[in-house]
Amino acid sequence: MNDPLHKLDAQYAALDEPTLMMLFETATRENDADALEPLVRQLVLRAVPVVERTVREFGEPRDLSPSDQALVEDEALTKLVLRLGRGLPLPSIRALAYEIARECAEDPARQPAPAPKVRPVRPTLRVVDSSLHSRARSNGHRGGQHDG
Amino acid sequence: MATAEVSTMAEVEAVLAEALEDIKAGRPRTMPDYLGLVPRSERAELAELLSIFFMRDAVAAGPERVDPERYERALGVLDRLSTTGPAGNLPAALAELRRTRRLRREDIVGAIADRFGITGTGRERLRRSYHELETGQLSGRGLSRRLLDALGQILHVDPEDLSAAASRVARAATGPARAFGRGAGEVDPVRGMHSIQPPRDESERVVDDLFRGGADG
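The listed protein sequences derive, respectively, from chains F and U. Everything in the first sequence is counted per numbering that gives the first Met the number 0, starting at 0 for the first residue and increasing by one. Everything in the second sequence is counted per numbering that gives the first Met the number 0, starting at 0 for the first residue and increasing by one.
Simulated from the structure, these hints should not be mistaken for laboratory data. Possibly wrong hints are sitting among the right ones.
Quick list of in silico lysine to aspartate or glutamate cross-link-like pairs, DMTMM-like style, CA-CA up to 25 Å [stated by the list, open to error]:
id, chain 1, residue 1, chain 2, residue 2
1, U, LYS23, U, GLU12
2, U, LYS23, U, GLU44
3, U, LYS23, F, GLU56
4, U, LYS23, U, GLU41
5, U, LYS23, U, GLU10
6, U, LYS23, U, GLU47
7, U, LYS23, F, GLU16
8, U, LYS23, F, ASP15
If you're wondering where the values come from, they're calculated on a predicted model, not measured in any experiment.
Could you put the whole structure together from the sequences, leaning on the hints where they help?
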C-alpha cells in the first residue's frame with residue numbers, strides 16, 4: 000500500500016459501482032491484496048458523497064461546527080477503510096458508509112471544538128481632562144475647524 | 000420448509016415491497032432504516048436487493064455534487080492510511096483517529112494507564128511503547144488482544160478492525176514504515192525494532208505484556 004498511485008487505480012476509476020463491488024468480492028475471496036488496495040480506495044471515494052451528506056444531516060442538529068463535521072467525515076472515512084480492509088462480505092458500500100458516518104456523527108462521546116481561549120478585555124476609559132482640552136486649543140487646534 | 004423460515008422470508012419480502020413503494024412515491028428512507036426492520040440474519044440479503052433499487056435511483060438522479068475540497072481531504076485520509084509497516088496500517092489509523100477526536104498522545108496513554116492500573120515507572124514505559132506503536136516501530140504480532148480492545152474503546156472503533164489493520168503487514172515490511180524516515184533494519188516479529196531493558200517491576204511487565212506479549216499478553 001506504499002505506492003501513492005497503484006497501476007490499477009486508473010482502471011478501476013472507470014468502472015461502475017456494481018462492477019467494483021463484484022471485483023471487491025472476488026479479491027476478498029481470493030485474498031488478493033494487490034487488487035484489494037486500489038479497490039478499497041475506489042470504493043471509499045465513491046462513498047464520499049454519502050459520508051458528507053450523512054454527517055451534515057446528523058451533525059447539524061447536534062450543533063457540530065463545520066470544522067467538527069470535517070473531522071467526523073475524516074473519522075468515518077478512516078473507519079470505512081479499516082472495515083473494508085477486513086475483507087468481509089459487503090452488500091452495499093453506500094449502506095456501510097451511511098451506517099458508519101451516522102454512528103460517528105451521533106456519538107455522544109464526541110467533544111465539540113473547545114471555545115477559543117480569548118479573555119474579554121475590559122476597556123479602560125478616562126474622561127478627557129479639561130486642562131488637556133484647553134492646552135489643545137492654545138496650540139491652535141480648534142475642534143474640527145481648519146485654518147484654511 | 001420450516002414455518003420460521005417462511006415467516007422470515009415473508010418479512011423480508013414485506014420490507015422490500017414497502018421500500019419499493021417509498022422509492023416509487025419519491026420518499027425513500029435510508030437503507031439502514033429498512034435493514035433494521037428484518038432479523039440480523041436476513042440483512043445481507045435485503046441489502047443486496049435494496050442496493051439494486053437504490054443504485055438505479057441514484058443513477059437516474061445523476062452524480063451528486065460534492066465540493067472538490069472534500070475529495071481532496073478524502074484522498075489525504077487514504078494517503079495517510081496507506082502507510083504500512085510491521086504493524087500494518089494500524090499506526091496510521093491510530094494517529095488519524097486520535098486527530099479526528101482531538102486527543103493528544105498523552106490522553107491515550109492516560110486512558111490505558113487508568114484501565115490497566117499502570118503507575119510509576121510503568122507509566123513512562125507505557126508512554127514510550129505507545130509512541131513506538133504510533134510511529135510504526137512495533138510489530139503487530141506483539142500487540143495483545145487486551146490492548147486492542149482498550150484502544151477500540153478509547154477511540155470508539157471496532158477492535159476487530161484494529162486487529163485486522165495490525166495484521167496487514169506490507170509485503171516489504173520487515174523494515175519500518177517509510178513515513179518515519181528510518182533506515183532499513185531487522186524487526187523482531189514480536190518485540191519490534193528495539194531491544195528493551197527487562198521490566199523492573201510489575202507495572203513495567205504489564206506494559207510489555209500489552210505491547211510485546213502477543214495476542215494473549
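Exercise. Given the hint that U:LYS23 pairs with U:GLU10, does the C-alpha gap stay at or below 25 Å?
Worked result: holds (20 Å)
Exercise. Between U:LYS23 and U:GLU47, does the CA-CA distance stay at or below 25 Å?
Worked result: holds (18 Å)
Problem set entry | Restraint check for U:LYS23 with F:GLU56, where alpha carbons must lie at most 25 Å apart | holds (23 Å)
Problem set entry | Satisfaction of hint between U:GLU12 and U:LYS23, Cα-Cα up to 25 Å | It holds: about 16 Å lies between the C-alpha atoms, which stays within 25 Å.
For this session: Measure nothing beyond the straight line between the CA atoms of U:LYS23 and U:GLU41; if it is 25 Å or shorter, mark the hint as holding.
Result: Within the cut-off at roughly 23 Å; holds.
For this session: For the pair supplied as a hint, U:LYS23 and F:ASP15, confirm whether the alpha-carbon distance does not exceed 25 Å.
Result: Satisfied, since the Cα-Cα distance of roughly 24 Å is no more than 25 Å.
Exercise. Holds or violated: are the alpha carbons of U:LYS23 and F:GLU16 at most 25 Å from each other?
Worked result: Answer holds: U:LYS23 to F:GLU16 is near 22 Å, not above 25 Å.
Exercise. Quick one, are U:LYS23 and U:GLU44 close enough, alpha carbons at most 25 Å?
Worked result: holds (21 Å)
In the structure shown, no violation is registered for any of the earlier numbered hints.
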